[in-house]
Amino acid sequence: MIYREAGQFKATYSADQALFPIRQDQVGVAILLVIAYIVVPFVGNDYWLGSIFIPFLVLSLAALGLNILTGYAGQLSLGTAGFMAVGAFAAYNFAIRVPAIPLLLNFALSGLCAACVGILFGVPSLRIKGFYLAVATLASQFFIEWLFTRVGWFTNYSTSGVISAPPLSIFGHSLSSVWSRYVLTLAIVTVMALGAKNMVRSSVGRAWMAVRDMDVAAEVIGIRMLRTKLLAFGVSSFYCGVAGALWAFLYLGTVEPQAFDLARSFQILFMIIIGGVGSILGSFLGAAFIVLLPIFINIGSGMFGHAFRADTITQIELILFGGLIIFFLIVEPHGLARLWRIGKEKLRLWPFPY
Amino acid sequence: MTFFLEVLVGGLLSGAMYSLVALGFVLIFKASGVFNFAQGAMVLFSALTLVSLLEKGWNLWMCLGITLAGMVFLAYLIERIVLRPLVNQPPLALFLATIGLAFAIEGIAQAMWGTQVHGLNVGIPDVPLNVKGLLISEFDIFTGIIAAVLVAALALFFSKTRVGRALRAVADDHEAALTVGIPLRHIWVIVWAVAGIVALVAGIVWGSRVGVQFSLVLIAYKALPALILGGLDSVPGAIAGGLLIGASEKLAEVYVGPFVGGAIESWFPYMLALGFLLIRPEGLFGEVHIERV
Amino acid sequence: MQTSKKWFSILCVAVVSGVAAPVATVQAADQFVPVPIYRTGPYAAGGTGIFGGMMDYMHMINERDGGVNGVKLTWEECETEYKVDRGVECYERLKNKPPTGAAMFHPLSTGITYATIERGAADKIPIVSMGYGRADASDGRVFPYTFTMPINYWNQNTAKIKFIGTKVGGMDKLKGLKIANVHHDSAYGKETIPILEAQAKKYGFHVKHYAVAHPGLEQKAIWLQIRQDKPDWIILRGWGVMNPTALKEAARVGFPSNKIVGVWWSGSEEDVRPAGDSAKGYIAAGFHPAGTDFPVIQEIMKHVQNKGKGHVEKDRVGTMYYNRGVLHGIVTVEAIRTAQKKYGNKPLTGEQVQFGLEHLKIDEARIKALGATALMSPIHTDCRDHEGGGMVKFQEWNGQKWVTITDWIKPDFALTRPLIEESAAKYAQEKGIKPRTCK
Numbered sequence: 001m002i003y004r005e006a007g008q009f010k011a012t013y014s015a016d017q018a019l020f021p022i023r024q025d026q027v028g029v030a031i032l033l034v035i036a037y038i039v040v041p042f043v044g045n046d047y048w049l050g051s052i053f054i055p056f057l058v059l060s061l062a063a064l065g066l067n068i069l070t071g072y073a074g075q076l077s078l079g080t081a082g083f084m085a086v087g088a089f090a091a092y093n094f095a096i097r098v099p100a101i102p103l104l105l106n107f108a109l110s111g112l113c114a115a116c117v118g119i120l121f122g123v124p125s126l127r128i129k130g131f132y133l134a135v136a137t138l139a140s141q142f143f144i145e146w147l148f149t150r151v152g153w154f155t156n157y158s159t160s161g162v163i164s165a166p167p168l169s170i171f172g173h174s175l176s177s178v179w180s181r182y183v184l185t186l187a188i189v190t191v192m193a194l195g196a197k198n199m200v201r202s203s204v205g206r207a208w209m210a211v212r213d214m215d216v217a218a219e220v221i222g223i224r225m226l227r228t229k230l231l232a233f234g235v236s237s238f239y240c241g242v243a244g245a246l247w248a249f250l251y252l253g254t255v256e257p258q259a260f261d262l263a264r265s266f267q268i269l270f271m272i273i274i275g276g277v278g279s280i281l282g283s284f285l286g287a288a289f290i291v292l293l294p295i296f297i298n299i300g301s302g303m304f305g306h307a308f309r310a311d312t313i314t315q316i317e318l319i320l321f322g323g324l325i326i327f328f329l330i331v332e333p334h335g336l337a338r339l340w341r342i343g344k345e346k347l348r349l350w351p352f353p354y
Numbered sequence: 001m002t003f004f005l006e007v008l009v010g011g012l013l014s015g016a017m018y019s020l021v022a023l024g025f026v027l028i029f030k031a032s033g034v035f036n037f038a039q040g041a042m043v044l045f046s047a048l049t050l051v052s053l054l055e056k057g058w059n060l061w062m063c064l065g066i067t068l069a070g071m072v073f074l075a076y077l078i079e080r081i082v083l084r085p086l087v088n089q090p091p092l093a094l095f096l097a098t099i100g101l102a103f104a105i106e107g108i109a110q111a112m113w114g115t116q117v118h119g120l121n122v123g124i125p126d127v128p129l130n131v132k133g134l135l136i137s138e139f140d141i142f143t144g145i146i147a148a149v150l151v152a153a154l155a156l157f158f159s160k161t162r163v164g165r166a167l168r169a170v171a172d173d174h175e176a177a178l179t180v181g182i183p184l185r186h187i188w189v190i191v192w193a194v195a196g197i198v199a200l201v202a203g204i205v206w207g208s209r210v211g212v213q214f215s216l217v218l219i220a221y222k223a224l225p226a227l228i229l230g231g232l233d234s235v236p237g238a239i240a241g242g243l244l245i246g247a248s249e250k251l252a253e254v255y256v257g258p259f260v261g262g263a264i265e266s267w268f269p270y271m272l273a274l275g276f277l278l279i280r281p282e283g284l285f286g287e288v289h290i291e292r293v
Numbered sequence: 001m002q003t004s005k006k007w008f009s010i011l012c013v014a015v016v017s018g019v020a021a022p023v024a025t026v027q028a029a030d031q032f033v034p035v036p037i038y039r040t041g042p043y044a045a046g047g048t049g050i051f052g053g054m055m056d057y058m059h060m061i062n063e064r065d066g067g068v069n070g071v072k073l074t075w076e077e078c079e080t081e082y083k084v085d086r087g088v089e090c091y092e093r094l095k096n097k098p099p100t101g102a103a104m105f106h107p108l109s110t111g112i113t114y115a116t117i118e119r120g121a122a123d124k125i126p127i128v129s130m131g132y133g134r135a136d137a138s139d140g141r142v143f144p145y146t147f148t149m150p151i152n153y154w155n156q157n158t159a160k161i162k163f164i165g166t167k168v169g170g171m172d173k174l175k176g177l178k179i180a181n182v183h184h185d186s187a188y189g190k191e192t193i194p195i196l197e198a199q200a201k202k203y204g205f206h207v208k209h210y211a212v213a214h215p216g217l218e219q220k221a222i223w224l225q226i227r228q229d230k231p232d233w234i235i236l237r238g239w240g241v242m243n244p245t246a247l248k249e250a251a252r253v254g255f256p257s258n259k260i261v262g263v264w265w266s267g268s269e270e271d272v273r274p275a276g277d278s279a280k281g282y283i284a285a286g287f288h289p290a291g292t293d294f295p296v297i298q299e300i301m302k303h304v305q306n307k308g309k310g311h312v313e314k315d316r317v318g319t320m321y322y323n324r325g326v327l328h329g330i331v332t333v334e335a336i337r338t339a340q341k342k343y344g345n346k347p348l349t350g351e352q353v354q355f356g357l358e359h360l361k362i363d364e365a366r367i368k369a370l371g372a373t374a375l376m377s378p379i380h381t382d383c384r385d386h387e388g389g390g391m392v393k394f395q396e397w398n399g400q401k402w403v404t405i406t407d408w409i410k411p412d413f414a415l416t417r418p419l420i421e422e423s424a425a426k427y428a429q430e431k432g433i434k435p436r437t438c439k
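Going down the list, the sequences are from chains A, B and C. Numbered according to the working numbering, the first sequence spans residues 1 to 354. Numbered according to the working numbering, the second sequence spans residues 1 to 293. Numbered according to the working numbering, the third sequence spans residues 1 to 439.
Misleading hints may appear alongside valid ones.
Pulled from the structure, derived: some chain A residues nowhere near chain B, Cβ distances all over 10 Å [unchecked claim]:
no., residue
1, 32
2, 227
3, 339
With a cut-off of at most 35 Å between alpha-carbon atoms, the simulated DSBU-like pairs for lysine-lysine come out as follows [what the hints assert, rightly or not]:
no., chain 1, residue 1, chain 2, residue 2
4, C, 434, C, 124
5, B, 132, C, 434
6, C, 280, C, 72
7, B, 56, C, 401
8, C, 346, C, 97
9, C, 346, B, 56
Just so you know, these hints were derived from the structure itself, not from any lab. Positions of the beta carbon are idealized from the N, C-alpha and C atoms, including for glycine.
Excised from the complex, chain A in its bound form (with noise of 0.2 Å):
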């Protein structure tokens, strides 16, 4: 009923092939919109904005980054922190060596760096697969992390190795207020959001898909192997170097290499698990669940858990949290967004599923 196409008409092929093409979804995102644009910075206070909405945003970047490569193209990396690693620190040095350069500029180049070196450790997909593949990301994962953290150039010879934004603005407004970085978070996300959507639905994306499904197929087809593989590779890297730097640039303001370390890998492969393979709308929701899941845990068990001690309560949040990925693979194998989609299909009969 709510949800229900019928009787939308497409009189060319161009509005049958819009990025929504349902008057509920465009109802729906304008509404999303809306409500993450102007009412969170409204209504959300500091801590929300700073502490949960922006390293929200910012790994359902990294995912969705991820998600191109390993939901669409089928190549699973564990490298992803590696990548966003590079964002981080090519943003840093950009921003030292070149003080005039604007942030946005920055922010792409950075995502260029890290394109770069995704297409690098992407050469070897061409010839390895499947979990030896994932095994073999995790050379770039440490290689990465221990480039810089060894080589002092990268971190303009501070003695510890940490790295730390210097004071940023955009088109001359300072951007020292929490909201202000959410705003210019939320806008970089939802552009490069739309660009994936976009891309996935182009001849690119159904290259990827096919590689996904079967490669020998799809060589067999016609579809270059070498450059759709490490398109995709690049592609991937660009969204997690973008990634990377909005973590190092717009929440943390300082870095170290071992922010981006395998557990922040792992932790971005959980986000499109849970969220879904292969959605973008399931890297957001995945990303939410993962960064949300231990954050209301803790404050939940601070609630109720006064009948436990301190310490078994957090090896509880540790077994809660591992016991509901089990839980959700279980459940619904295909994520977040599976759900979401399933929900859709009954509004569109509710109330009267006959």
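We have chain A; now place chains B and C onto it with these hints.
Coordinates of chains B and C only, in the frame set by chain A:
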């Protein structure tokens, strides 16, 4: 030259310790096609259980028996709660489930036995031996022997016993194995239990070396390059991979490390494994899969 | 599918209600101190031990004295898992707790310290990194809201060289010695490299740095190299599992453990116990000794632990980490007390507590009154110096417990202060901070 030999031998013996951990991965992958990321957590769980029982002042063999029973029970629970509902799901989902499992096992282990750091001494001697000017640790030789015995036993188990052959059938295809009448559930419990025992052995060896503490879960990362270098589904591969990785990483750290700032042990094994994989994408001893459209 | 949806909605409801419900258990007239603890993961022993000691001390102050001049202390734990982003989230969650916000924040991790320094300065909440974090934050002109008392890494390191000097029979005997610096390959581990280089130049010894890859489970290559290089002394700058592994490997290559000097993050019971006999004779620095025979620890036993209200297992009282936590508690309480002299006996804001931290005067008389004689060295902070001139004691592990083997050793402030100021000035320039002028 002596120094070179010393590094080489030391590296090979370290490699044997990596193999012990890699073996656990191989077992489960070989028998169920699951890349079990919880192996490190299982090492922690078994070692922590053993050491906590020992600290109650009980007899070593009794503690070992109880811990073994615990690992079998854990295997049963894993099969019941995690694997059975996920039959025929894509390998990625199973892989992720084992990561969730790793969190849960880490939590359970720490909730049961606390987060304290323990020393473990099961009586393996640890004095350096001087063999013709080479300094070799007795402990490491002991480890090497344990690894060799385990591998021989497992190789026999897989090739000569009925259960072992059933395991290999299951790995090839869950449904086909079910069709020909292999009891999938029992098989999985058995293989996870065996992996649990291997984890216990690794836990004892590593635990007496670095102490029983949470960081034991991290030894999985030392085992992974050995694992893919040898081939995910090959028991001898895990050993060969371990030795190769151990020796070359030590040599690299000593002879290349100083020129690039050191601490290259974190990534060098992975790069080496990557290099080998470019030549042999299924690892040195891994089964070659022919892909057809 | 039906069940899954049901479960999902239950989960959603639980999550939403968990957030929406107000988390207000703090009384109106209490002073709030956040506790960003880590109870799980590889470093849990440090998190539970130190914050356990700190909470026990604050609890004791509440029980025995009815709070600080009548103002009760309250605290809330927040699990960081030793991760920077979780730590920042904890900081943001707890900084505005009623009634007056966080009095100060103990990050208890190098990464979280770095990430909260700027936030603390912006929010006017003191970041107190006791014996860790940025050494150059001891310059109060550039870092008004960061404190490193009682002593930072650089000064610890100079004390260590002094200790080695006394061991070899005078500082002039250091000339020509070979010292190996075995350090964790991270921000924390690399922090002392420049100061060691500076000292090597001053005293004429040779220093060589050996980086151990995180987490340090495998160090054979490093120790074979050390055996080859034959250093006279080793400085061990480890963290977590790297420490026992290093001690074991040292024994294996035949390096005497009484020639290894560890930093205070390599000097807890948890660091040596797993190494067994290999650790016997090993020496570690500390800004406090271990043990329970200090009046303040006895008071805690009486008022908190023996009543079953302890925040950590009873058998850990008096361990290195625990006593460090008690010191955290003493500094916290004394800073609040000092600030109360100026602002009155009521809950204070972080900005007001900053005054207390900056005007700390814990002299021998005060230490005696606190019941902490020999547990801590005097601390005097001012606007310029946020470190307070702490000193270092060295202890030896006898296989059972830590035995103090030196009196307080004074670091080489004359050497480090200019370096601290230089490094702080560089930071100020990068960040566009205009240093305060101190009278």
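(message) If you test the structure against every hint from before, which numbers come out violated?
(response) Violated hints: 5, 6, 9; rest satisfied.
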